[in-house]
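2 protein chains.
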Amino acid sequence: MYTPGLHIIADFKEVNGEPLTDLTGFKLLLHQLLAQHQLQLIGEVHHRFEGGGYTSNLCLTESHISMHTWPEYGIATFDVFLSNYQFDNNAKTKSIYESVKNWLKTEHINYHEIYR
Amino acid sequence: MYTPGLHIIADFKEVNGEPLTDLTGFKLLLHQLLAQHQLQLIGEVHHRFEGGGYTSNLCLTESHISMHTWPEYGIATFDVFLSNYQFDNNAKTKSIYESVKNWLKTEHINYHEIYR
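Heads up: the sequence lines are chains R and C, in that order. Sequential numbering from 4 applies to the first sequence in our numbering. Sequential numbering from 4 applies to the second sequence in our numbering.
Here chain R stands alone, though its shape is the one from the complex (with noise of 0.2 Å):
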């Protein structure tokens, strides 16, 4: 049977200054990833919240990536989903978590991988 890929969900905890706010930062960290991972992008929506978070989610042809972060408790919740329909990506996707893991500069984190 066909199984569509990884799912891999963390949420970040006692994460310190900019990363949280910094939505600019965080969208060109992610389309360097997508460039670097030669995936492709169908379109993505961001929002800024009133107390300095932000929430960014990409649909992909591989499916997607959301991030959601409150600066006010120094925490960010951090998906990425890639299908395997045309290659097998479980690599693409943990590297794409390493990847947000270093830019939010935290150690505090609940780690979830899902095979879905």
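Hints were generated in silico from the structure; no laboratory data involved. These numbers were taken from a predicted model, which means no experiment stands behind them.
Distance condition first, Cα-Cα at most 25 Å in a straight line; then the derived SDA-like pairs of lysine to any residue: (1) LYS30(R) with THR64(C); (2) LYS104(R) with GLU21(R); (3) LYS104(C) with ILE117(R); (4) LYS97(R) with SER59(C).
Here are the in silico distance ranges between beta carbons for each label pair: (5) HIS115(C) with GLN89(R): 17 to 27 Å; (6) HIS34(R) with GLN43(C): 25 to 35 Å; (7) THR64(C) with LEU44(R): 16 to 26 Å; (8) GLU110(C) with ALA38(R): 38 to 48 Å; (9) GLN41(C) with GLU53(R): 11 to 21 Å.
Ideal Cβ placement from N, Cα and C applies to all residues, glycine included.
Given chain R, work out where chain C should sit, using these hints.
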């Protein structure tokens, strides 16, 4: 500590017929659910694939909803994540999941509830 909220991840297998290609019907269902539950849409991205499948990503102030379908395999993957920033939305998250499950008319699922 603030905890963002409930994320339901469901993979539907052995889905028959129209729902996996009925992007118009899915958009209508989702917009009805957003109105019913008084959720705020920021933006949405939808795409039809050549094989008849579709992908839908809705970005909400409360987080996001995503659907990806593979009619050639009878599979759909669905996510709904609503944060509890202003209200406890966990009951809405579960209700939206049930509505989508009923619309897909299947009982064959992998199901995860992640309290983020």
